[in-house]
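Undergrad: Now for the letters of each chain:
Number of protein chains: 2
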Amino acid sequence: MSDILQQHRTQGGTLHYCRHDSASTGTAMRYSLFLPPGNGPFPLLVWLSGLTCTEDNFTTKAGAYAAAARLGLAVLAPDTSPRGEEVANDAAYDLGQGASFYVDATQAPWAPHFQMERYVTSELLNVVARSFAVDLTRVGISGHSMGGHGALTLALRHPTLFKSVSAFSPICSPLRCAWGEKALGHYLGEDRSAWQAHDATWLIEQHTAAGHYDNILVDQGLADSFLEAQLKPELLEAACTAAGQPLTLRRHEGYDHSYFFISSFIADHLQWHADRLRA
Amino acid sequence: MSDILQQHRTQGGTLHYCRHDSASTGTAMRYSLFLPPGNGPFPLLVWLSGLTCTEDNFTTKAGAYAAAARLGLAVLAPDTSPRGEEVANDAAYDLGQGASFYVDATQAPWAPHFQMERYVTSELLNVVARSFAVDLTRVGISGHSMGGHGALTLALRHPTLFKSVSAFSPICSPLRCAWGEKALGHYLGEDRSAWQAHDATWLIEQHTAAGHYDNILVDQGLADSFLEAQLKPELLEAACTAAGQPLTLRRHEGYDHSYFFISSFIADHLQWHADRLRA
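Heads up: the protein sequence lines correspond to chains H and E, in order. Under my numbering, the residues of the first sequence are numbered 21 to 299, in order. Under my numbering, the residues of the second sequence are numbered 21 to 299, in order.
Bear in mind the hints are in silico, worked out from the structure with no lab data behind them. Check each hint, because a few of them may be wrong.
Note that identical chains are pooled: a pair holds if it fits in a single copy or bridges any two copies.
[To be verified] Heads up, simulated SDA-like pairs for lysine to any residue below, C-alpha to C-alpha not over 20 Å straight-line:
1) Lys202 - Arg270
2) Lys202 - Gly118
3) Lys81 - Gly32
4) Lys202 - Trp222
5) Lys183 - Asp110
6) Lys81 - Asp155
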């Protein structure tokens, strides 16, 4: 069960901040959940945040709930990793707490708690559904940056769980950027072949989830300082073209990597998911 | 002149974080300024934030800029006080840095830097207009809590400067609540008669600014934990009725004192100001 830490009325719906004990991570975990007006059960969008974020960043900064209320979508924002003094960590912002990359770690010292794929795809959704009126047959996934990588890879790896997928500024190929090489090396070990199944571009190339998603929406700012070295949407674009996977990749002049970019286009993403989850 | 510290494209417009040296406060001051798409000059809404806030709270949490972009409104959010090691402060959250109450302090140790009325109403607007395409003949003012008090009192005290006024959850009578008594006592001295001209309810009762504002918009959440002891909109309501000042006071069931309340109704306030500033 979840403990409700805070509850706020907003946009005619209700926002909850919750905590629960996770069997996957062996820690307490936090999430926020917005429920639109009405009684549900509501289709649910899972939002995965990026490096350094908690469950609070999207919740306070994205400006998502006006559109979610209008569209009748519930929105779930988990934390980005397990946390606590007993949990392995690293001084760098791009490894350890706040930087899970949404994989199940196999390596020490990460494996005991960094089990975020398992946590998000099997435990958390059921935890939420036990306390709130969400419909687990209508779940979409989105996210930003490291969380965009999480959204794409979890959608491609669990295509019967998620019915719709989108991302903002995702890390498109962790095998081919410094953020991804560092994190996957630590969490999954030095054998790069173990990383492939967590690389969205590789998964598309292998026709994983082929036929499951009618289209994938990706928004990318062209003034994003991480675009060329870390994000590389052109790799995802080429893979989708080669594999015949429809992709709607929108490049936005002048927009950067911040929540000011996300808030500008989040309503389009909510509409994208609502169109697919309410059908 | 202002130094631009950060610039973000958002909602089709541009958000700036700026710093400048203030003659009023004798310190560096920060503000955020959103400019909508187009060339201007744009009508301008000044937003005054509440206790503990900086220029960043409204900017990141209010979700205001989609509506501001659509309506062609510039939005200016100053910091809530002077800051710095050389500036007087207090350990409490409701006095000193982050808690200016938007008055010009006359008492030690506050007077040298806490000159926020002068800062907002004469210096800041001109500083902004020197660097950005805003129209100082079309300026409105709004704010939240302590900043709602600031918006109401500055509008009533400077009715030729501001053309429109609204507030969220304002402190309606600092003479009659603990927050106001503490702050005005420190900033203006023990003689309560010096406080009156900074009490929105008293100013209405004195017919200050009578005939200048066709209406005043106030939104108040009924689940606001500060409602009864600190905010007291019923005092403002009674004064407006007695003075013949039109007031649109909306009470919202279930909403609290947080930015989740502000973000739910900020578009209505922007429309309110746009209707009056674009005419």
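Undergrad: Can you give the numbers of the hints that this structure goes against, from lowest to highest?
TA: 1, 5, 6
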